[in-house]
Amino acid sequence: MSDPTLLVLASLAEGDKHGYAMMEDIERFAGVRLGPGTLYGAITRLEERGWIRPVKSRDEGRQPYRITAAGQEHLAEQLAS
Numbered sequence: 001m002s003d004p005t006l007l008v009l010a011s012l013a014e015g016d017k018h019g020y021a022m023m024e025d026i027e028r029f030a031g032v033r034l035g036p037g038t039l040y041g042a043i044t045r046l047e048e049r050g051w052i053r054p055v056k057s058r059d060e061g062r063q064p065y066r067i068t069a070a071g072q073e074h075l076a077e078q079l080a081s
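Using our numbering, the first residue of the sequence shown is number 1, and each one after it goes up by one.
Calculated directly from the structure, the hints in this document are not laboratory data.
Check each hint, because a few of them may be wrong.
Said to hold, decoys possible - With a cut-off of at most 25 Å between alpha-carbon atoms, the simulated SDA-like pairs for lysine to any residue come out as follows:
1. Lys-56 - Asp-25
2. Lys-56 - Thr-68
3. Lys-56 - Gln-78
4. Lys-56 - Ala-13
5. Lys-56 - Arg-45
6. Lys-56 - Asp-16
7. Lys-56 - Gly-41
8. Lys-56 - Pro-4
9. Lys-56 - His-18
10. Lys-56 - Tyr-40
11. Lys-56 - Gly-37
Build out the structure end to end from the sequences listed, making use of the hints.
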């Protein structure tokens with residue numbers, strides 16, 4: 001798996017995370033280091049499709065995201081194929 005959008009969805013399937021935590025998680029489980037531009041481009045596309053959404057955080061410097069039910073469904077479909 002090397003598609004950044006699927007990597008982000010897979011990372012968020014384990015729980016809410018902000019961008020840096022996603023980059024670290026993706027590198028750990030997939031051996032792929034996403035650069036900030038690639039990561040945040042994927043986050044933007046996923047948010048536009050309704051597959052992830054931002055969640056409120058007390059840490060003003062970091063925005064965590066959560067996978068939606070539609071995002072979980074898409075991830076399951078992609079992993080099955």
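Taking the hints in turn, this is what the structure says about them:
1. Pair hint Lys-56 plus Asp-25 holds up; C-alpha atoms about 21 Å apart against a cutoff of 25 Å.
2. Restraint check: the Cα-Cα separation between Lys-56 and Thr-68 comes to about 15 Å, which is no more than 25 Å; the hinted pair holds.
3. Between the alpha carbons of Lys-56 and Gln-78 the distance comes to roughly 28 Å, so the proposed pair goes past 25 Å and is violated.
4. Note on Lys-56 and Ala-13: the hinted pairing holds, with a Cα-Cα distance of about 18 Å set against a maximum of 25 Å.
5. Restraint check: the Cα-Cα separation between Lys-56 and Arg-45 comes to about 20 Å, which is no more than 25 Å; the hinted pair holds.
6. Among the hinted pairs, Lys-56 with Asp-16 is consistent with the structure: their alpha-carbon atoms are about 11 Å apart, no more than 25 Å.
7. This hinted pair checks out: Lys-56 and Gly-41 have alpha carbons roughly 20 Å apart, not beyond 25 Å.
8. Annotation: proposed proximity of Lys-56 to Pro-4 holds, straight-line Cα distance about 24 Å (limit 25 Å).
9. The hinted pair formed by Lys-56 and His-18 meets the criterion: a straight-line CA distance of about 11 Å does not exceed 25 Å.
10. At most 25 Å may separate the alpha-carbon atoms for a hinted pair to count; Lys-56 and Tyr-40 meet this at roughly 18 Å.
11. Restraint check for Lys-56 and Gly-37: the C-alpha separation of about 23 Å stays at or below 25 Å, so the hint holds.
The structure does not agree with numbered hint 3 stated previously, though it agrees with all others.
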